[in-house]
Amino acid sequence: MKTKPLIIFSLTLLLTIIGLAIQPRVTMSETESSTQTAAIVKANNNLGLDLFAAIWQQNEGENVFIAPSSISFALAMLYNGAEGETAQEMSQVLHNSSLSLTEINRQNQALRQVLQEADPEVQLAIANSLWMREGFNFKPEFLENNRTFYEATVSESDFSNSTTVTKINDWVKTNTGGKITEIIDSIDPSQVLFLINAVYFKGLWTHPFVKDNTQEKPFYLVDGGKKSVPMMSQTGGFPYLETETFQAISLPYGETENLSMYLFLPKAESSLEEFLAQLNLLNWNQWLSQFNNPKINIVMPRFKLEYAIELKDILADLGMRQAFTPEEANFGAMTSEQVYVDSVKHKTFVEVNEEGTEAAGITSVGITALSLPIAMEVNRPFFYVIRERQTDTILFMGAMLDPTA
Numbered sequence: 040m041k042t043k044p045l046i047i048f049s050l051t052l053l054l055t056i057i058g059l060a061i062q063p064r065v066t067m068s069e070t071e072s073s074t075q076t077a078a079i080v081k082a083n084n085n086l087g088l089d090l091f092a093a094i095w096q097q098n099e100g101e102n103v104f105i106a107p108s109s110i111s112f113a114l115a116m117l118y119n120g121a122e123g124e125t126a127q128e129m130s131q132v133l134h135n136s137s138l139s140l141t142e143i144n145r146q147n148q149a150l151r152q153v154l155q156e157a158d159p160e161v162q163l164a165i166a167n168s169l170w171m172r173e174g175f176n177f178k179p180e181f182l183e184n185n186r187t188f189y190e191a192t193v194s195e196s197d198f199s200n201s202t203t204v205t206k207i208n209d210w211v212k213t214n215t216g217g218k219i220t221e222i223i224d225s226i227d228p229s230q231v232l233f234l235i236n237a238v239y240f241k242g243l244w245t246h247p248f249v250k251d252n253t254q255e256k257p258f259y260l261v262d263g264g265k266k267s268v269p270m271m272s273q274t275g276g277f278p279y280l281e282t283e284t285f286q287a288i289s290l291p292y293g294e295t296e297n298l299s300m301y302l303f304l305p306k307a308e309s310s311l312e313e314f315l316a317q318l319n320l321l322n323w324n325q326w327l328s329q330f331n332n333p334k335i336n337i338v339m340p341r342f343k344l345e346y347a348i349e350l351k352d353i354l355a356d357l358g359m360r361q362a363f364t365p366e367e368a369n370f371g372a373m374t375s376e377q378v379y380v381d382s383v384k385h386k387t388f389v390e391v392n393e394e395g396t397e398a399a400g401i402t403s404v405g406i407t408a409l410s411l412p413i414a415m416e417v418n419r420p421f422f423y424v425i426r427e428r429q430t431d432t433i434l435f436m437g438a439m440l441d442p443t444a
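Reading the sequence shown from the start, the letters are residues 40 to 444 in the numbering used here.
Simulated from the structure, these hints should not be mistaken for laboratory data. Hints may contain errors.
[Stated by the list, open to error] Below, a list of computed lysine to any residue pairs in the SDA-like style, where the Cα atoms sit at most 25 angstroms apart:
1) Lys266 with Lys343
2) Lys266 with Thr253
3) Lys206 with Glu397
4) Lys256 with Asn336
5) Lys351 with Asn98
6) Lys206 with Gly174
7) Lys306 with Met270
8) Lys256 with Glu312
9) Lys266 with Trp95
10) Lys241 with Arg341
11) Lys178 with Asn200
12) Lys81 with Asp356
13) Lys212 with Lys351
14) Lys212 with Ala347
15) Lys256 with Phe277
16) Lys384 with Asp197
17) Lys334 with Val249
18) Lys343 with Asn252
With these hints in hand, go ahead and build the complete structure from the sequences.
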C-alpha cells in the first residue's frame with residue numbers, strides 16, 4: 040500500500056525511534072548494554088540506511104516508512120539457517136561479516152532486552168515466530184537457536200488448512216497492537232516456513248503538545264503545491280541541531296528520554312533529495328554528537344500512515360541474490376531439503392499526534408521448497424479400484440466408509 044505524497048519523508052526512520060537515542064544521563068548499566076550491543080546495532084543501522092536509500096530511489100515522490108529493527112531481526116533468524124555462499128552474501132548485506140553466528144545471536148538477544156526495557160513508561164515490544172509446514176523436517180539446532188536467542192514461538196501447522204493463515208494473521212494483529220492485521224493472504228502448496236518479526240511501539244511525549252494549539256496550516260509539497268494539514272506546536276528546550284542545509288530536533292518520549300523521534304527538515308534553499316544524499320551512518324553519528332538544547336518553537340504535522348513493500352528484489356540488488364535463487368540457495372543449516380526465500384514482506388504503521396506516537400512493523404520471510412512431495416493422507420471415505428493395466432479390466436471396485444467395520 041502506497042500512501043499519498045503528503046509527508047514525503049516519513050519524518051523519521053523507525054530506527055531513530057527505537058534504535059538510536061541521545062542519552063543525557065549515562066549509567067554504568069547503560070554503558071555495559073551499549074558495549075554488548077554496539078556491533079550489532081551498527082550492522083542493523085547500516086542495513087536500515089541501505090534499505091531506505093534503495094527504497095527511496097524506487098519510490099521517489101511517495102511516503103516511505105520502514106522498521107529496520109524488524110527487518111534486521113527477521114533476517115537474523117533466517118541467517119541461522121544459511122550456509123556457504125548464501126551465508127556470505129547475507130553477511131555482507133547485513134553488515135555482520137566481522138561477527139560469528141554466536142556473537143550475532145547473543146548481541147541480538149541483548150539488544151532485544153535493552154530495547155524493551157528502555158523506558159518504563161513506553162511500550163516497546165519485539166516478538167518473533169516461526170510457522171512450519173506440518174511434516175516438513177527442520178534441523179533441531181536451527182529451531183533451538185531461534186527459540187533461545189530470539190524467543191521465537193515455533194508452531195507446526197497444517198498449511199493446507201485456511202485456518203493457519205488466520206492464526207498467523209491473528210499473531211500479527213496481537214503483536215502490533217491491532218495496527219497491522221494481515222501479512223499473508225494465502226499459503227502456496229510449496230511454502231514450508233514463515234519467519235516473522237513484529238515490533239510495536241507506543242510512547243507518550245515527555246512534553247506533550249496542547250491540542251488547543253493545533254491549527255490548520257499549509258504543508259508545502261515537492262511539486263510546489265500545498266495542502267492544509269493539522270499542525271501541532273509547542274515551545275520548550277529540546278535537543279536541536281542546525282547546519283547550513285537543515286534543521287533537526289529530538290522530541291523525547293517517556294521518563295528516561297532514551298527514546299526519541301528525530302525530525303530533519305531541509306532548509307528552503309536545499310531539498311530532501313540533497314539531505315538523503317548525505318544520510319549515512321558516519322554523518323548520522325556526527326550529527327547526533329552535535330545537538331544542543333536551546334529554546335525552540337516546534338511546529339509539525341499530526342499524521343497517520345500505513346506502508347507496505349516487498350523487499351525481495353531490493354535485498355537481491357543489495358547483494359543477497361543466492362538466497363532467492365531456487366537451485367542455488369544454501370540453507371543447509373535449516374533443513375536437508377532444497378529451499379529458498381520466496382518473499383520478504385514488510386508492513387508498517389505510524390500515528391503521530393499531540394499525545395505521542397504509536398508505530399508498528401512486521402516482517403515476514405517466506406521459505407519455499409524446490410520439490411516438496413505432494414501430500415495425500417487417506418484419512419476419510421474414499422473410492423478404490425483394482426485394475427489390470429494391459430487390458431484395462433476393472434477387477435474390483437469399492438467405496439470405503441469405515442476401515443474398522
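Report task. Would you list, in rising numerical order, the hints stated earlier that this structure does not obey? Result -> Hint check: nothing fails, all pass.
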